[in-house]
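**Student:** What follows is the residue order along each chain.
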Amino acid sequence: MTTPALHIQGLQFAYPDGLQALAGVDLRIESGERVALLGPNGAGKTTLALHLNGIKEAAGGTITIGDLLLSEDNLSEIRRRVGLVFQDTDDQLFMPTVGEDVAFGPANLGLRGADLGARVDEALAAVTASELKSRPPHHLSGGERRRAALATVLAMRPDLLVLDEPSSGLDPAARRELLNLLRELAITQIIITHDLPLALELCERSVILDGGAVVADGPTVDILTDTRLLERHRLELPFGLDPAAVRDLIPRRA
Amino acid sequence: MGAGHAHALYVHEHTLLHHLAPEAKLAAAFLFVIAVALSPPQAIWAFVAFGTALLFLVRLARVRLRFVAGRLLVIVPFILFALFIPFIGSGEQTEVLGMSLSVEGLWSMWNIIAKASIGATISILLAATTEIPDIVRGMGRLKVPAVLVSIATFMIRYLEVIAGELGRMRVAMTARGYDPRWLWQAKPIAASAGALFIRSYERGERVYDAMLARGYTGAMPDLGHRHATGRDWAIAAALPAFGIVVALAAGVLT
Amino acid sequence: MHAPDGFLNAGTAVATGAVSLGVIGTAVRQSKATLKEKQVPLAGIVAAFVFAAQMFNFPVAAGTTGHLLGGALAAILLGPSVGAIVVSIVVVVQALAFADGGLTALGYNVLNMAIVTAFGGWALYRLFRRILPNTAAGVVAATGLAGGGSVILSSMAFSLEWLFGATAPIPFDTVLGAMVGVHLFIGIGEGVISGLAIGAILVARPDLVYGARDLDRAQMRDRTPIRARTLMISGILVALVLGTVVSQFAADSPDGLERVAADTGFAASAQDHTLDGFVFADYATSGIGNETLSLAIAGAAGVLITLLVGFGLFTAVRSQRPRRKQPSGA
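Protein sequence lines correspond, in order, to chains A, B and C.
Residues 695 to 948 in my numbering are what the first sequence spells out, letter by letter.
Residues 1332 to 1585 in my numbering are what the second sequence spells out, letter by letter.
Residues 106 to 435 in my numbering are what the third sequence spells out, letter by letter.
Only chain A is shown next, with the shape it has when bound in the complex (with noise of 0.2 Å):
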C-alpha cells in the first residue's frame, strides 16, 4: 500500500462556545486523486481544511500529509506541502501587488533574488496570469484573483491542493478557465464546493461532511444519483443535471 496523500484518523474539533464542529473525521486520500467535499453550509468543511495546515489545532485524532504526521513541531513543512485556497481572495491576497503575494509563501521558504523571481514566474505562468504580476489585487476581477489567490499557493510547490469553493462568484468563462486549470494541474486535490457539476466533471470521488462527520464517500456519478442520499444532506442537483447520463463523458485520469 502506497503512503496516501492524506490520512485523517478520528478528528476533534469543539469551538470556544462548545459547538462540536469536527465530531471524529475519517478520510484517505491516494496521490493523484481529485476528491470533492460536499456538504450542507455549517457541515464543518472550512474547518476541516483549517485543520489540514495546522492553522486549527485538533482536540484529538491525528492527520498525516504524506509521511509527516502533523504536530506543533513540523508546521513550516506541512504548510508547504499543503496548499489552502481561501474562500474569499480578498484574505489571502494582502500584498499591495499580486507579485509580492506569490512571492511571499517562497520567500518565507528561504527563496531569494533569481531563484525567488524564477519561481514567481512558474507559478503566474501555471495559472496563466503572468500579466497580473505588478497589478493591485483589489483591481482585478473575480476570476483574475481566483487564478492570483491559486498561484501564490502553487508558488510553495504543494503536495496536496486544498480549494474552498473556487467556483463561487465566477462568470461562466472564468468558470471554464478554472476548471481547465484545475484539470490540468497534476497535485492531489480535495475541492470543497457547492457547484456539483464541477464536481462530477473534475472529481471522480466526492465525500459529503455532514455534522462535522463523513456520512458518504464514493464515486461521484454514485453519489450524485442517489437523490434521498443528497435530499438527507441537504444537497440538491442543479435543474438539468442528469449525471448518469454524463458518466461517459467524463474525463478519466490517466
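Simulated from the structure, these hints should not be mistaken for lab results.
A virtual CB, placed ideally from N, CA and C, is assigned to each residue, including glycine.
Pairs of lysine-lysine residues, derived as DSS-like cross-links and limited to a Cα-Cα distance of at most 25 Å, are as follows:
| hint | chain 1 | residue 1 | chain 2 | residue 2 |
| --- | --- | --- | --- | --- |
| 1 | C | LYS141 | A | LYS750 |
| 2 | B | LYS1474 | C | LYS141 |
| 3 | C | LYS137 | B | LYS1474 |
Here are the computed distance ranges between Cβ atoms for each label pair:
| hint | chain 1 | residue 1 | chain 2 | residue 2 | range |
| --- | --- | --- | --- | --- | --- |
| 4 | A | ASP711 | C | GLY130 | 37 to 45 Å |
| 5 | B | LEU1404 | A | LEU935 | 55 to 63 Å |
| 6 | B | ALA1400 | A | ASP711 | 53 to 61 Å |
| 7 | A | LEU935 | B | ARG1501 | 39 to 47 Å |
Following the hints, complete the assembly by docking chains B and C onto the known chain A.
**Tutor:** Same frame as chain A, now just chains B and C:
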C-alpha cells in the same frame, strides 16, 4: 480635512523621477522642504528659485500643472487664513489701498503662502512619481521600524476595500430613504461603521491565518525589491543640495 | 487640521517632531508585548478603517457635515499605544502619499492628531470610567465624552504650539479661543459618533474592545441604552460652559479675569510680559494680560470642567430612571 484623501496621486509615467529608488526620493524631499522652511521670508528671490526648481521637476516628471494645481487645493483653507493675517495682525501698520495692514502680518502671510505651496508641491510631486507601496517600502529603507512598515503595508492594501465597503453601506442606506441632516440622526451611520469595524477585524484574523498558511513566522520576508544605488542617491541629492545652498545664501544675505 | 509647511516655526517643528518620535518609539517598544504577531495585519486593517472613516462625513446640523479624527476611538478599541501607532501611520501616509499635511509639519500633525487624541482620549476615558457605572452603557458614555474631549485637547495642543511657534502676529489667546471654539462643535460630533460606534461593537463583539475588557458578562449585559439625544445635549452643555470660560481669553479686555487675578494676588500688573521673547513666539503673547495665568487656567479649566460637567449630567439623567444597585467604579 477629509474627503481629499480618497484618490491616490500616482501618475503612471516612465521618467527619471519615476524610476528613482523611493528612499532616495523621500530623503531628498524631506531635506529640501527643511531647507525651504528654514529660509527667511524676506529673501523673496530664494522662493522664486525654489519655485523654479520645482517647476522644472514637474516638467521632468511629465506631470501636468493642472493636476498639481488641483491637488494644491488641499492647502486653500490655510491660504485663506494667511490672507486674513495682515488684517487682524498686531504690530506696526502700513497703508495699502486705503486699508491698514500689519507689516509683520504681511510678511507672515507671504511666509505661510510660499512655504505651504512649495511644501505641498514637492509632496504632490513625490506622490505622483512614487507608487504608495514603494513609498512605504522607502520608509522602511530609511530605518522606520519594521512593525510600522508592516502595518502601513496592510493599511494601503485594504484601504480601498474598506472604503469601498463603507461607500456601499452608505449607498444602501440612502437607497432606503436615509437622508440625515442632523447629528442625532447619525446613529445608523455610526452603527454601520461599528459593524464594518467588526467585519474588518475578523478579516484581519483571516488574513493572519492566510499568512500562517504560507509560512509566515513573524517577520515579513525580503521580497527582492531593488535597493537604492549610488546613482539614485547622487541624482536625488541634487534637489536638497540646491535647496540648502539657496537657504544658506538667503540666511546670510538677509 | 493637517497643517501645511511654514505654519509654525522651525523650532516648534523640531521640538514636536522629537516628542512625536520619542512617544511613538516608546509606544512601539511597549506594544511589542501586546502587539503579538497576529495583531500586525489587524492593526493595518484598523488603520485602513480609520483612514476610510476619516474620508466619510457625518451630518452635524442643517446638512453641514463633519469628519472623524478617530484617535480616541482607536485607543479605546486597541489600547492607547497601538491606537496612537495606528493613527500616526494614517497621518504619515496621508502626508507622504496623498500630500495632505506638510512634510516639516509631521511633528505637530502627528502629535496633535494621533498622540494627543489617542493618549489624551484614553486618559479621559479612564477618568470617565471611574465615575460612570461599570456597564456597557458606562463604556459608551465614557467613549463619547472622551472622544469629544480628545478633539478639544487636540485643538488646545495646537494653540499651545502656536504660543511657542507662531509665524504670524496673532495672540495666543485669540488662537486658543478660535481653535477651541470651532473644535467644540466638531468634538461633539466626534463624541457622539464614537460613542454610538462603540455601542454597536459592544453588542456584537465586546471582546474586541480593549477598553471594556474589565467588564464581565453580567455588566456587559446591562444594556440601558444611551440615547443619542442625551449624549448630544451633554456635549452641548459642556461646550457652552467651556466656551464661556475660553472666550474670556479671546476677548480683548478680559476684565473679569484680571479682577480675579488682582483679588487673588496672582497678577502684578496688567501688562506682565515676563516671559516675552524668551520661549514664546514674538507677538503670540502680546494680547494676553498675564501669560502665566492664561496658560494655567487654559489648561486646568478645560480638563476639570469637562470632567465635572460630564459626570454631573450623567447622574442627573440617571436619576430619572428607577434606581439600580451598581457596583461602584474602581
